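Those protein sequences? They're chains A and B, same order as listed. Numbering-wise (this note's numbering), the first sequence opens with residue 1 and increments by one. Numbering-wise (this note's numbering), the second sequence opens with residue 101 and increments by one.
In short, the hints are calculated from the structure, not lab data. None of these values were measured; they are calculated from a predicted model. From the three backbone atoms N, C-alpha and C, an ideal C-beta is built for every residue, glycine too. Do not take every clue at face value.
So the derived list for chain B, only partly shown, Cβ under 8 Å to chain A, looks like this [as the list claims (entries may be wrong)]:
id	residue
1	L104
2	R107
3	A114
4	G115
5	I282
6	Y291
7	D293
8	L296
9	T300
10	F313
11	R317
12	L322
13	Q422
14	V425
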Amino acid sequence: MSDERRVSPLRQSVEAWEREVAAAWDEMTRSHEFLTRMSAQLNATLRSQQHITRALQTAVWQIAAAQQQRTRERMLLDDLSRRLDELAARLDRLERRFDG
Amino acid sequence: MDDLLERWAQLWSAGMAEVWRSYSAARDTIRATGRALVAQTPAQTVYAEGCLRVLQYEPETPTQHPIPVLCVPSLINQYYVMDLAPERSLVRALLRRGLNVFMLDWGTATAADRSRSLDEYITGRLGRSVEAVRRAAGVDAIALLGYCIGGMMSAVYTVLRPDEVAALVNLAGPINYHDGGIYSTWTRPEYLDVDLLVDTLGNIPAELLNWTFHMVRPTDELLRALDYWERRDDETFVRHFAAMQLWTHDPTPFPGEAFRKYIKDLYQRNALMDGTFTIDGQRIDLGCITAPTLTIAARRDHIAPWESVAVLHERISSADKQLIVLEGGHIGMVVGSDASEKLWPQLGAWLEQRAAIKQP
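Chain A on its own, in the form it takes in the complex (with noise of 0.2 Å):
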């Protein structure tokens, strides 16, 4: 019982504190001046999602870009080590003759 005297009278009030709030809240997010700023505002924000998803894309396809070229540049060095291993071996061979 206690708990409904106490109740009651803050419903009594929340509840009308509720209605014109609310009334106020309608009538603003009605008007053209708030539903034009908040437009501007989603646009852009909406904008600029498209601008950060474009420059991770971007930078996604350059980083895989560079490591396929790193790869590349890897590859190349291997094979240049490899012809002058082979070389140095080519070298090793005729000295020997040449001294033998």
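Add chain B to chain A, keeping to what the hints say.
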């Protein structure tokens, strides 16, 4: 505004701070554990496709009426609002009348559904679900019970496939989208660039939709907190409250392309009203509907204002048609404390009469 803020400070010190703390703690618990409270009516899946399921509920009477009922919920809310809790279940009320009840659960849209069109949802997914129900019940035509966007989709389906629909119920499904409602204003082309939104986000996230619903009347949450505070010792109330809380915070994403067409054609062009709305290239003329039709609107509905729902009753050509306008709101009408006395008996009796007559 200063006056309102000052009065709020007084309310906060007079007890609202404690009310809000108690409510917030309960809300967090509900969201973590409430799943076991909802959608408790036993059912079997009779059709599945991607994230979509068609459920058939277990009968609660020895015999059932020959014409089955397919419940078609909104695309953006969980289906279980029609089977919220054992004592707050429209589905259960229909089962007790001997109706053979099926439910279309659209599921939660994923990235794979982004390009799925509204046309595909209506003639494809809804069409295949209708086919599954017809097959399961062994009938040519069924009753469609569409709620919210599901009501609009069911009406459109009835135009496209009249031979498959024995009866139509539009439960709070908007038809006239230029209705003075807040969503009509917010979605005007000068305020909402729907192409930019869909091109950027793909599916419209559930969190964004939930935020939008909340922004219609953000202070409403305070009244819910008070409801909880005043009746927190009433176990039945707390159970229903928890189920409702769970549902209202459990929306699903709106598939991107379907959203684009829904907003552009319906909210921005109001194409269903001027007869220029098309699905799969076919023009939707509501005047072609001749099936028995029940239109139910709620007088305090701020999501689908009652006039925008009731217009279906005026547009169709059915000889057997009825319009019911109930007190209450969009959701309260279906699961509120007086739904069992107002909506369920009227809807159940109407469906029972139409479902008892097997089509030739």
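Okay, the hints, checked on the actual structure:
| no. | hint | verdict |
| --- | --- | --- |
| 1 | L104 | holds (6 Å) |
| 2 | R107 | holds (6 Å) |
| 3 | A114 | holds (6 Å) |
| 4 | G115 | holds (5 Å) |
| 5 | I282 | holds (7 Å) |
| 6 | Y291 | holds (4 Å) |
| 7 | D293 | holds (6 Å) |
| 8 | L296 | holds (5 Å) |
| 9 | T300 | holds (4 Å) |
| 10 | F313 | violated (13 Å) |
| 11 | R317 | holds (5 Å) |
| 12 | L322 | holds (6 Å) |
| 13 | Q422 | violated (32 Å) |
| 14 | V425 | violated (22 Å) |
The structure fails hints 10, 13 and 14 (numbered hints given earlier, in ascending order).
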